[in-house]
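K.L.:
Listed below, chain by chain, are the residues.
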Amino acid sequence: MSGQRVDAKVVMLGKESVGKTSLVERFVHHRFLVGPYQNTIGAAFVARQVQVGDKVVTLGIWDTAGSERYEAMSRIYYRGAKAAIVCFDLTDSSSFLRVKFWVKELQNCEEHCKIYLCGTKNDLVESDRSMRQVDYHDVQDFADEIKAQLFETSSKNGCNVDKLFEKVAEDINNTAFQHITEEQGVDLGQKKNAYFYSCCNH
Amino acid sequence: MSQKSERRGIHVDQSELLCKKGCGYYGNAAWQGLCSKCWREEYQRARQKQIQEDWALAEKLQREEEAAYASSQGAQSQPSLTPFSKFEEKKTNEKTRKVTTVKKFFSPSSRTAPKKAPCEKVEKVSGARERHGEALLRDLRGMFTQPWEMMSPTEESHEGKTPSPSISRQSSIETDRVSRDFVDFLKNLQKPGREIHKQCRAFIENMANKKDLGADELSECVQDFYQNMSDRLMTHFKGSTERVERVMDQVEKYIMTRLYKNVFCPETTDDEKKDLATQHRIRALHWVTIEMLCVPVDEEIPEVSDNVVKAITDVIEMDSKRVPRDKLACITRCSKHIFNAIKITKNEPASADDFLPTLIYIVLKANPPRLQSNIQYITRFCNPSRLMTGEDGYYFTNLCCAVAFIEKLDAQSLNLSAEDFERYMSGQASPRKQEPELWPQAGPGGGGGSSPGLTQVYQSLDLLTGLEARQERVLEGARGLESDLISWQESVEREVQEILEKYPLEIRTPASAIDSDNVENDRLPPPLQPQVFVG
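Listed in order, the protein sequences are those of chains A and B. 1 is the number of the first residue of the first sequence in this note's numbering; add one for each residue after it. 1001 is the number of the first residue of the second sequence in this note's numbering; add one for each residue after it.
What the hints contain is simulated information worked out from the structure, not anything from laboratory work. Owing to the predicted nature of the structure, the values given are computational and were not obtained by experimental measurement. Ideal Cβ placement from N, Cα and C applies to all residues, glycine included. Don't take every hint at face value.
[Said to hold, decoys possible] Computed list of lysine to aspartate or glutamate pairs in EDC-like fashion (alpha-carbon distance at most 20 Å, straight line): (1) B:K1020 <-> B:E1042; (2) B:K1408 <-> A:E105; (3) A:K156 <-> B:E1348; (4) B:K1261 <-> B:E1348; (5) A:K163 <-> A:D123; (6) B:K1021 <-> B:E1053; (7) B:K1408 <-> A:D123; (8) B:K1210 <-> B:D1271; (9) B:K1408 <-> A:E71; (10) B:K1198 <-> B:D1224; (11) A:K55 <-> B:E1217; (12) B:K1346 <-> A:E16; (13) B:K1198 <-> B:D1176; (14) B:K1198 <-> B:D1271; (15) B:K1408 <-> B:E1391; (16) A:K104 <-> A:E166; (17) A:K104 <-> A:E170; (18) B:K1020 <-> B:E1041.
[Stated by the list, open to error] Derived DEER-like restraints, expressed as beta-carbon distance ranges: (19) A:D162 <-> B:E1041: 49 to 59 Å; (20) A:K167 <-> B:L1454: 51 to 61 Å; (21) A:R31 <-> B:T1268: 46 to 56 Å; (22) A:H137 <-> B:N1415: 33 to 43 Å; (23) A:Q133 <-> B:N1415: 34 to 44 Å; (24) A:R31 <-> B:E1300: 29 to 39 Å.
[Stated by the list, open to error] Sample of chain B residues at the chain A side, in silico, Cβ under 10 Å: (25) A1352; (26) L1356; (27) S1483; (28) S1487.
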């Protein structure tokens, strides 16, 4: 089954100006944009294919509005998402408090959605230790508690960005396979190609 | 199939069975002896020709009528209206309506009373004007066609808001066209195509018997059908997702065009009530400004406001589409315009933080008809994979979000104090300063103050009055010019008369020949000859 695709929805959550859009920009276009830039009209939705072994996973990445006034609506966004990348700014402790809110929401409403924590603006912290406002160990403990993976990325120099999305794609690919085996257990007799149910139905 | 008519024949020559065009494939008596491909080409050509002829006829009639109007004294029947109504193409239909609207403005008799209120108003205005106008000046009419055409009030509304009398006929034509396209499409698939068609038909008949089911059950039926169909196709195409998707798009188009009437905003649900509630809500929120929503769009820039207008048009247009996918396409187009507007304003690509507020603003400005029904319809009957993953799904989700936000919107979400919010909502105050007292009588008592629609109507009326005054002036000028011309003509005539009297015409007998008069010529010296001087 080589070359077949899986469509998966990945939502980006996080407070305003933590750098969700920059993260996506870096992943999709391998660039960090400062000031006016012209080529893309919008970075709110992007689709990007990631090679995982012999398969291609298509990630549909959904940017969300981080402002608190839209908090009540965030549930509409992550409905049916396979993965959620919850971002926070390493230099802004308040942004990490908001992470906890989204994690709780996700755990309550979307239990099949895998959570990834992502501390952004790592380059600032690297260059000046005193900038760090969110303790690494606190975050790691929290991540362990909710069984989430933790990444510290920099959209400016690209550190860890590809790793994060590759991990997301890999996990999605694995769960897709689990689905196949489960479904084949149910209706093995009728349908030869149950692989696609997993992408069309879920 | 091809032997059907020839079966009783004793001997059928191979060549008789072949396509008459000589393409080498077998023909069919039902297709006048052509093969399927040649027949389709032939048929298409004939149809195209027919359409073009109809167009030509329409234009001819229109020209004739305009000419008749310009020369005649007006009040005549409108002969071109009947042939116009025959037209199939939606475009033609729209054009026709535009033309008749324009005519209505100038029709001196208001016998053909228009249904819509703004139209009636215009009619009155034009009627009054007409009385002033004189037969001689009627020629001036041609000059005014352009501006009137541009501000035809039905222009926007016949996009789907107001049910027009021809809508039922139009929809059945559309259904036919979609069915035909579907059959054409399936022909390429040969045997499975026939199978798909049979199943779709059976399903539609089946659904016709289930009218009294709840909306959710109907949705389930359709979704099950999609599921079964795509499963089958998947086995048939050996897992080529793209081909399956292509067929499924056509299946969705066919089925939903057929079922639309029964399943859009069904009576079993309270969709309609929700539509009205949302509409009222948006109307009550007419005072919300760009600043309150933190919309990163500067409408002062012409290019930006152009995009904003296009976005509004697209989101309104959604209601006129029948297939869920087409509705989604409208939302996507609207979103693209929004992105453009943001990009031009901010000079950088928009993120979701910019996009969502702008979409909310657009929805507030557009107040799209039957918004809730449309959202429900898409959610219930769209192919689920599209809603979950693709770009369309993202924009649709944002629209749902925008609507949810508008419903829940309170003082806090606009960064206002509770008192201010209350005052704005009750219409006691308006945050906008630039347009107060312009139409003090505009606000309907109590309620939500003057709605943006009403203000617009008043603005249009204002514009109309202005135009009327201007036209009055032009008519005045023309009349002046006319009397000037007449007096000038008279004065010229008088002068000529005077001169004629002063110098009465004397007719002398004409001279016989020019040279015979010049008898003296012989006495003149000979002409000078050039002389050569030497030295």
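K.L.:
Each of the hints needs a verdict: does it hold here or not?
P.N.:
Structure-based check of all given hints:
1. B:K1020 <-> B:E1042: holds, 12 Å
2. B:K1408 <-> A:E105: holds, 19 Å
3. A:K156 <-> B:E1348: holds, 17 Å
4. B:K1261 <-> B:E1348: Violated, because 43 Å separates the two Cα atoms, which is more than 20 Å.
5. A:K163 <-> A:D123: Between K163 (chain A) and D123 (chain A) the Cα gap is close to 16 Å, so the pair holds against 20 Å.
6. B:K1021 <-> B:E1053: Roughly 26 Å between the alpha carbons, so the hint for K1021 (chain B) and E1053 (chain B) is violated.
7. B:K1408 <-> A:D123: violated, 39 Å
8. B:K1210 <-> B:D1271: Holds, because 19 Å separates the two Cα atoms, which is no more than 20 Å.
9. B:K1408 <-> A:E71: holds, 11 Å
10. B:K1198 <-> B:D1224: Holds, because 17 Å separates the two Cα atoms, which is no more than 20 Å.
11. A:K55 <-> B:E1217: violated, 37 Å
12. B:K1346 <-> A:E16: Roughly 17 Å between the alpha carbons, so the hint for K1346 (chain B) and E16 (chain A) holds.
13. B:K1198 <-> B:D1176: holds, 17 Å
14. B:K1198 <-> B:D1271: With a Cα-Cα distance of about 32 Å, the restraint between K1198 (chain B) and D1271 (chain B) is violated, given a limit of 20 Å.
15. B:K1408 <-> B:E1391: Answer violated: K1408 (chain B) to E1391 (chain B) is near 26 Å, above 20 Å.
16. A:K104 <-> A:E166: violated, 25 Å
17. A:K104 <-> A:E170: violated, 24 Å
18. B:K1020 <-> B:E1041: With Cα atoms ~13 Å apart, K1020 (chain B) and E1041 (chain B) stay inside 20 Å; holds.
19. A:D162 <-> B:E1041: 49 to 59 Å: Check passed, 52 Å falls within 49 to 59 Å.
20. A:K167 <-> B:L1454: 51 to 61 Å: This hint holds: roughly 56 Å between Cβ atoms.
21. A:R31 <-> B:T1268: 46 to 56 Å: Given about 52 Å between the Cβ atoms, the range holds.
22. A:H137 <-> B:N1415: 33 to 43 Å: Holds, at about 37 Å.
23. A:Q133 <-> B:N1415: 34 to 44 Å: Distance hint for Q133 (chain A), N1415 (chain B) is violated at roughly 26 Å.
24. A:R31 <-> B:E1300: 29 to 39 Å: The hinted range 29 to 39 Å holds for R31 (chain A) and E1300 (chain B), with Cβ atoms some 31 Å apart.
25. A1352: holds, 4 Å
26. L1356: Cβ of L1356 (chain B) sits 4 Å from chain A, so the hint holds.
27. S1483: Violated, about 61 Å.
28. S1487: violated, 65 Å
Of the numbered hints listed earlier, those contradicted by the structure are 4, 6, 7, 11, 14, 15, 16, 17, 23, 27 and 28.
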